[in-house]
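Following the hints, complete the assembly by docking chain B onto the known chain A.
Those protein sequences? They're chains A and B, same order as listed.
Each residue of the first sequence is one higher than the one before, starting from 33 at the first, in my numbering.
Each residue of the second sequence is one higher than the one before, starting from 33 at the first, in my numbering.
You may find that some hints are simply not true.
Identical copies look the same in the list; a pair holds intra-copy or inter-copy alike.
Heads up, simulated SDA-like pairs for lysine to any residue below, C-alpha to C-alpha not over 25 Å straight-line [said to hold, decoys possible]:
| id | residue 1 | residue 2 |
| --- | --- | --- |
| 1 | K212 | V349 |
| 2 | K152 | P175 |
| 3 | K139 | S337 |
| 4 | K110 | P175 |
| 5 | K58 | G43 |
It is worth saying that the hints were derived from the structure and are not from the lab.
All figures in this text were calculated on a predicted structure; none of them were measured in a lab.
Protein chains: 2
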Amino acid sequence: MEVEQILHMNGGEGENSYANNSLTQKEAIVKAKPLLEQSLNDLYCNGFPDCITVADMGCSSGPNALLPTWEAIDSLDKICNRLNRKPPVLHSFLNDLPGSDFNTVFKSLPSFYERLRTEKGHEFGSCFVAAAPGSFHARLFPPNFLDFVYSSNALHWLSQMPKEPMSEFDIHRAYFDQFKSDFSAFLKFRSEELKCGGRMILTLLYNDSFHATSPGEPALLVIKDMISEGLIEESKLKSSNFPIYAPYVDEVKQVIEREGSFDIHQLETFHVSWLEGFVENDNEGLDKYARGKYVTRHVRAVGESLLSSICGDDAIVEEIYRRFAIKVTDEILEKGRGAFANLLISLVKKL
Amino acid sequence: MEVEQILHMNGGEGENSYANNSLTQKEAIVKAKPLLEQSLNDLYCNGFPDCITVADMGCSSGPNALLPTWEAIDSLDKICNRLNRKPPVLHSFLNDLPGSDFNTVFKSLPSFYERLRTEKGHEFGSCFVAAAPGSFHARLFPPNFLDFVYSSNALHWLSQMPKEPMSEFDIHRAYFDQFKSDFSAFLKFRSEELKCGGRMILTLLYNDSFHATSPGEPALLVIKDMISEGLIEESKLKSSNFPIYAPYVDEVKQVIEREGSFDIHQLETFHVSWLEGFVENDNEGLDKYARGKYVTRHVRAVGESLLSSICGDDAIVEEIYRRFAIKVTDEILEKGRGAFANLLISLVKKL
Chain A
33 MEVEQILHMN
43 GGEGENSYAN
53 NSLTQKEAIV
63 KAKPLLEQSL
73 NDLYCNGFPD
83 CITVADMGCS
93 SGPNALLPTW
103 EAIDSLDKIC
113 NRLNRKPPVL
123 HSFLNDLPGS
133 DFNTVFKSLP
143 SFYERLRTEK
153 GHEFGSCFVA
163 AAPGSFHARL
173 FPPNFLDFVY
183 SSNALHWLSQ
193 MPKEPMSEFD
203 IHRAYFDQFK
213 SDFSAFLKFR
223 SEELKCGGRM
233 ILTLLYNDSF
243 HATSPGEPAL
253 LVIKDMISEG
263 LIEESKLKSS
273 NFPIYAPYVD
283 EVKQVIEREG
293 SFDIHQLETF
303 HVSWLEGFVE
313 NDNEGLDKYA
323 RGKYVTRHVR
333 AVGESLLSSI
343 CGDDAIVEEI
353 YRRFAIKVTD
363 EILEKGRGAF
373 ANLLISLVKK
383 L
Chain B
33 MEVEQILHMN
43 GGEGENSYAN
53 NSLTQKEAIV
63 KAKPLLEQSL
73 NDLYCNGFPD
83 CITVADMGCS
93 SGPNALLPTW
103 EAIDSLDKIC
113 NRLNRKPPVL
123 HSFLNDLPGS
133 DFNTVFKSLP
143 SFYERLRTEK
153 GHEFGSCFVA
163 AAPGSFHARL
173 FPPNFLDFVY
183 SSNALHWLSQ
193 MPKEPMSEFD
203 IHRAYFDQFK
213 SDFSAFLKFR
223 SEELKCGGRM
233 ILTLLYNDSF
243 HATSPGEPAL
253 LVIKDMISEG
263 LIEESKLKSS
273 NFPIYAPYVD
283 EVKQVIEREG
293 SFDIHQLETF
303 HVSWLEGFVE
313 NDNEGLDKYA
323 RGKYVTRHVR
333 AVGESLLSSI
343 CGDDAIVEEI
353 YRRFAIKVTD
363 EILEKGRGAF
373 ANLLISLVKK
383 L
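So that you can see chain A by itself, here it is in the shape it has in the complex:
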């Protein structure tokens, strides 16, 4: 399965759009802010450049797409205020797969620049937002082009499904091998694109054993149920799994050290509830599954393109999401396991 040709967050601004269902991802970006600011401070103070070129790998669409840019501007403003210097120009590149909905993000740019002016007093020309469409598992920029790379909630996506493992016992190995290969390539390509002393702030899901690491777990339970009930023909499924791998912290460290281009400057973990942003209202209070439905809309905004390609049938996809809301409530939320475990890493390119 060619993940890169299929995967994209739901576009537009409708009920199931990523734009309207991405509060957990927003929270992860917000939680990474202090480390982002520290990293930008170290970068900026190492030469006080007039222009800083940053790239957000896997920016997705919707309001989150411009949030890291906003936070970078906010951080640089604070840093330069402390130093009594004029903030550098920010050249900010949004990256995602070519099938992602860039149009909606671009249409929001005029109001983004207007907010910069009214809320931050920036003149036009202090920030230029550009885009670099393509897979971050390949090269995206000329050599020594970037000062800073950011990525949130993206690196646990694999570039392709692992080869079908021989046995249940080999599944973890097959997934880890694919992650190792993808993440190593990411580090290698970014190190080629980053200038000397360049930095990265990465947030990705990790495996913390207790929490359900990704909503793929309940989704697979639903699919298994439907196969056993004869509603899905197993032979027609293009895959029996999802191209996501939430690594253990030690695995991530191992890949970074073996690849060798970056020093680990800092490493933290934090959790974001799957219910982040959920507001219980009176009508929903009567519905036991309101929380599960909320999680479902989020999961759908991210995974629908992929699930459609795996199942090939819209009615089945609808039924999977209907059952998912129930399954996720009963099996995950009721047990207090519904939280994304996020690993936050600050890296510096070696000299």
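Just chain B, lined up with the frame of chain A:
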């Protein structure tokens, strides 16, 4: 009227899409190729850079959007072949207004890179296509960022409608003033973004007196007819004209010289028939207005967003285009006046 918030070529790939109705614009890009190659040759031989950064201002969507990038690669391949050097990396930025359909262009990137590999033997990493959404009447890039600027069929668009002139006599002056202001701003901003010795190749419509300079002329005739027949209420029209100005050659020279950032390296003119790419088939042969309908689809792909905003009524827009096919046949094509008069200019940033 805020032209920049309204204007965009018709998106997607349908019957009236710009993607399927842009052969005249393609021809203008093809005609500019020799001068593009000469200009890139002069640029490259002035220091043999490892990477050349180019921007296409007003790239639109559809297959034309990537054509200048392809031609630049083709030119650099030839140049480097002659010199027995490895071609530089091309970092190519597509620019258009934020409302333009970038998604369709981005989706075609994987096949564009694949063609580069199979037809030109380029390894991945020889060319990176990026986007810089925004108005080219403002700044789009950090200072001293670009080596080369390209623009085809875009600079005759005005950033706004001229203030309503006092009399018929003042119309030309009002339009020229707006063009002067817009084109001067374009030159100033590009000179700030271009590196020292940077170059530009610009193609825009000019006024050659004989040819109908833009399809706005027959469109206005149609609108006048419909007003006099009571089908359009003049008071409800948001504008009685289009934000396009095809300047005289001397006017263009005058603006460049007064603005002062660029030397004119070369200046040529050429014509592209409104019927470029039209193939008369047997069915259409029976229809006197087949040629007019062909022109109408082209005009519609470019101007529909604008006309809809001026008229505010889809049925009226449909009727305008129906009558346009007839008017353009009888008044323009039959008289041999249906050709775009293009001015092609090569500029060098002054030291």
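Hint by hint, here is what the structure shows:
1. K212 with V349: neither (31 Å within a copy, 56 Å between copies)
2. K152 with P175: Answer is between: at 21 Å across copies they meet the 25 Å cutoff, but 33 Å inside does not.
3. K139 with S337: So K139 and S337 pass the 25 Å test inside a copy (23 Å) and across (15 Å) alike.
4. K110 with P175: Answer is between: at 23 Å across copies they meet the 25 Å cutoff, but 30 Å inside does not.
5. K58 with G43: Cα proximity of K58 and G43: one copy only (17 Å, versus 30 Å across).
The structure shown violates just one earlier hint, number 1.
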